[in-house]
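Here the protein sequences come in this chain order: A and B.
Letter by letter, the first sequence follows residues 1 to 350 of our numbering.
Letter by letter, the second sequence follows residues 1001 to 1434 of our numbering.
Any given hint might turn out to be false.
Claimed, not checked - No farther apart than 20 Å at their CA atoms in a straight line, the calculated lysine to any residue pairs in the SDA-like style are these:
#, chain 1, residue 1, chain 2, residue 2
1, B, Lys1082, A, Asp44
2, B, Lys1109, B, Ser1132
3, B, Lys1366, A, Leu299
4, B, Lys1151, A, Ala217
5, B, Lys1086, B, Arg1357
6, B, Lys1254, B, Leu1207
7, B, Lys1109, A, Gln50
8, B, Lys1318, B, Ala1426
9, B, Lys1109, A, Asp44
10, B, Lys1318, B, Asn1075
11, B, Lys1086, A, Ser163
12, B, Lys1086, A, Ala303
In case anyone wonders, no lab produced these hints; they're calculated from the structure.
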Amino acid sequence: MTETQAPQGETRRPPLWLRSTLLRHGFWAVLGLAGFWLLSIALDPFANLQLAQIAYTAIAVAGLTVLSGLSGQISLGHGAFVAVGAYTSALLLENAGWSLAPVLIVATAGTAVVGALVGVAAARLRGPYLAGATLALAVGLPSLADYHGLRDLLGGANGLIVSPPVPPLSLGESFPLERWQSWICGICLVVVLFLLANLSRSRLGRDMRLVREDEDAAALSGVPVARTQILAFCVSAGCAGLAGGLFAIVNNLAAPGAFTLALSLSLLTAAVLGGLGSLAGAVYGAVIVTLLPTWSTDLAQQANLPRAVYANIPLVLYGLVLILVILAFPGGIQSGVRRIGRLLRRNRKI
Amino acid sequence: MVLSRHPRAAVALTAALALTLTACGGGGSGGGSTPGVTDTEVLIGSTLPLTGNAAPGYSEQGPAAKAMFDYINANGGINGRKITLKYVDDGYNPANTVTLTKQLVLEDKVFAVVGALGTPTHTKVVDFLNSSRVPDLFVASGCTCWDQPGKNPYTYGWQPDYTVEGKILGDYVAKNFAGKKVAYFYQDDDFGADGMKGLDKFIDQSLVVSRQPYQPGNTDVAAQVSAIARSGAEVVVLEAIPAYTALFKLTALKLGYTPQLVASSVGADPVTVSGLLENFAKQSGASVKGTDLIEGLVSSAYLPAGSDTDNSWIQLFKKVHDTYIPNVPFDGNVVYAMSYAYTFAQVLQAAGKNLTRQGLLDALNKGGFTGPGLVPFRYGPDSHAGYTGGQISTIRGGQQVFSGTPLTTDDGDGPVTPYTTPQPAAPANGVPAA
Chain A
1 MTETQAPQGE TRRPPLWLRS TLLRHGFWAV LGLAGFWLLS IALDPFANLQ
51 LAQIAYTAIA VAGLTVLSGL SGQISLGHGA FVAVGAYTSA LLLENAGWSL
101 APVLIVATAG TAVVGALVGV AAARLRGPYL AGATLALAVG LPSLADYHGL
151 RDLLGGANGL IVSPPVPPLS LGESFPLERW QSWICGICLV VVLFLLANLS
201 RSRLGRDMRL VREDEDAAAL SGVPVARTQI LAFCVSAGCA GLAGGLFAIV
251 NNLAAPGAFT LALSLSLLTA AVLGGLGSLA GAVYGAVIVT LLPTWSTDLA
301 QQANLPRAVY ANIPLVLYGL VLILVILAFP GGIQSGVRRI GRLLRRNRKI
Chain B
1001 MVLSRHPRAA VALTAALALT LTACGGGGSG GGSTPGVTDT EVLIGSTLPL
1051 TGNAAPGYSE QGPAAKAMFD YINANGGING RKITLKYVDD GYNPANTVTL
1101 TKQLVLEDKV FAVVGALGTP THTKVVDFLN SSRVPDLFVA SGCTCWDQPG
1151 KNPYTYGWQP DYTVEGKILG DYVAKNFAGK KVAYFYQDDD FGADGMKGLD
1201 KFIDQSLVVS RQPYQPGNTD VAAQVSAIAR SGAEVVVLEA IPAYTALFKL
1251 TALKLGYTPQ LVASSVGADP VTVSGLLENF AKQSGASVKG TDLIEGLVSS
1301 AYLPAGSDTD NSWIQLFKKV HDTYIPNVPF DGNVVYAMSY AYTFAQVLQA
1351 AGKNLTRQGL LDALNKGGFT GPGLVPFRYG PDSHAGYTGG QISTIRGGQQ
1401 VFSGTPLTTD DGDGPVTPYT TPQPAAPANG VPAA
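The task is simple: from the sequences and hints, build the whole structure.
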């Protein structure tokens, strides 16, 4: 965005809305909301359900991408934070009878606190040790539901059933529930992306990048390394918690069987596929990990393959896409998009 | 405020576009026909684990039910319609079950969901199916929760619920092992709890010396088994899935503990359990003959044994099996799925030529369905419970050997009573008589 890049050789200042980070992000947020709304009314109820799933997955992946891409920490246990958010929301909605907005805020804040606690430990761990610790979290936390003393509260292996939020009557009697769910998730996604985009441009974001590049250098230049890492964990767990709250109202449940290690790993896969550290990449990644299993199952079923083969097709395709994307765009899909964008711009100049 | 002009323009543009899109998309909802039903086809759906921890055994149910429908279709179908079953893999993950069930209903527009498997999975979609008014028939789980006609008018169970089974086993233990010390080894969820509720109605509480739960997924049950062995129980009742019947037996063997075993039908299929025993033993470097280890295991069965080749139903199912799915082992899961497929065909037959969802439920509520089962169903306007009991069977030489008459009871305080109406013969072409 510097003035030397101006095309005709003369200095031209970009308009104010491009110079102000807040306004620029605000513009994209409004555009995103409009686009989401457009998409949701054009799609049928089932596609809206998938849209909602993409949105909450993208929220969790965006948080993870800030953690890994910006502050350089890894988490294999984000599924556990999603579980915390989901159970918190389920309990507050069903037992305490709260309304949706405060429930989602408390789920976010509560999970952020849990994330901060984990972050304190994480700030002392590096690389494989941190991966191992967060992996243990992903495996261990969901089985808390089976703990005898908590059985009555958390519903044991069967988990909790959550009644979906009903669309307001003002939208008409036949307004599909799935569209309402996708709206809730879409608004949350846009708000989260807006906040994270601002965070990444803020001083904290800059500190995170410094910590990622070189902890010693960062410490020498006065960046509080541990505090930055803990804050990154806190923010990213908060996102996962919000995603969990939305997960609960979209899928109408909070049950241990839903928060497997596979969930944690698919969030990380989405972050890597989209491009670590990129918020747009988080959205691409979420689209792929949400839609790919459905598409590949449909494909396998249409091809009339034997059961033993077709049950494993989704996994094979998953792996294949991951390999292809990493080979073609080592920096994730977003890096590919950027490269294509650069190519187009260069061509236009000639 | 010059700056906000861009977003506003964008919003205006998208709004205009959106209006155009909705105008285009709004036309397709006409017609009053029943979803999933044409003059030549009925489309139904099901969710079950084809992959993951719960897949062994259960994954056979989709192909087996489909094979039964294929056979019926090849013999003319029901009321001129062919039955198409679309079964999808939820991996026993309830979140997948929700998505896939919504896909079946909203996108594939199935007429009904039939034989969906699993308590933790299916409980999460019952509200959706009932508010969408989609018949949710023959849930493959013995949870007592399916029998709620007032709250869930579209959901029907099929197998006897775990409490009914517990009562029949409890009655047997009280009569045949009178005065002996009893222990329970149970799955730590509704399955175990409902089963014990039935057992406790008949077994003298002063004789129950130990109750040990297990968590599915945790394969080390040494602590529980040795606690039961220490309690000196002579009879152990297993409210467990097949893998844990096998794990209990192998762990008890290591301790030199050989009590009389009584098991819920869920975990007592001889083919499945003996196969698992051999597998587990092989993993720990030992070689055993699975059928020897389950000799004398007592259970309650509500379907004919797969080894009973004189039974006309088993003959029919074996024929279907050999024609369509010869590579799948012919075990209790196959018999189970073919049986509920047959029951569905029977209800479809009774619902008549002019098929609607309400017509299907009306036919079901009229009741009177018989078939592969040894006991009657309890379907009616006030009950959505499936089979009402079972017959005591003991494993001899790797096969279920039945004793006495079939027994029926309810999941309340009702008595256990014999049921003496003989089983009807199976139609050779698999198509239920009109």
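To see whether the hints hold, each was checked on the structure:
Restraint check: the Cα-Cα separation between B/Lys1082 and A/Asp44 comes to about 28 Å, which exceeds 20 Å; the hinted pair is violated. This hinted pair checks out: B/Lys1109 and B/Ser1132 have alpha carbons roughly 11 Å apart, not beyond 20 Å. Only pairs whose Cα atoms come within 20 Å are accepted, and B/Lys1366 paired with A/Leu299 is rejected, the gap being roughly 41 Å. For the hint linking B/Lys1151 to A/Ala217, the alpha-carbon distance of about 64 Å lies beyond 20 Å, and the restraint is violated.
Of the pairs offered as hints, the one joining B/Lys1086 and B/Arg1357 holds, with about 18 Å between alpha carbons and a cut-off of 20 Å not exceeded. Only pairs whose Cα atoms come within 20 Å are accepted, and B/Lys1254 paired with B/Leu1207 is rejected, the gap being roughly 25 Å. Of the pairs offered as hints, the one joining B/Lys1109 and A/Gln50 holds, with about 17 Å between alpha carbons and a cut-off of 20 Å not exceeded. The straight-line distance between the Cα atoms of B/Lys1318 and B/Ala1426 is roughly 12 Å, inside the 20 Å bound, and the hint therefore holds.
Restraint check for B/Lys1109 and A/Asp44: satisfied, since their Cα atoms lie roughly 13 Å apart, inside the 20 Å limit. Distance restraint check for B/Lys1318 and B/Asn1075: the Cα-Cα separation of roughly 16 Å lies within the 20 Å cut-off, and the hinted pair is therefore satisfied. In summary, the hint linking B/Lys1086 to A/Ser163 is not supported, as the alpha carbons are separated by about 27 Å, beyond the 20 Å threshold. With a C-alpha separation of about 14 Å, the suggested pair B/Lys1086 and A/Ala303 falls inside the 20 Å cut-off, and the hint holds.
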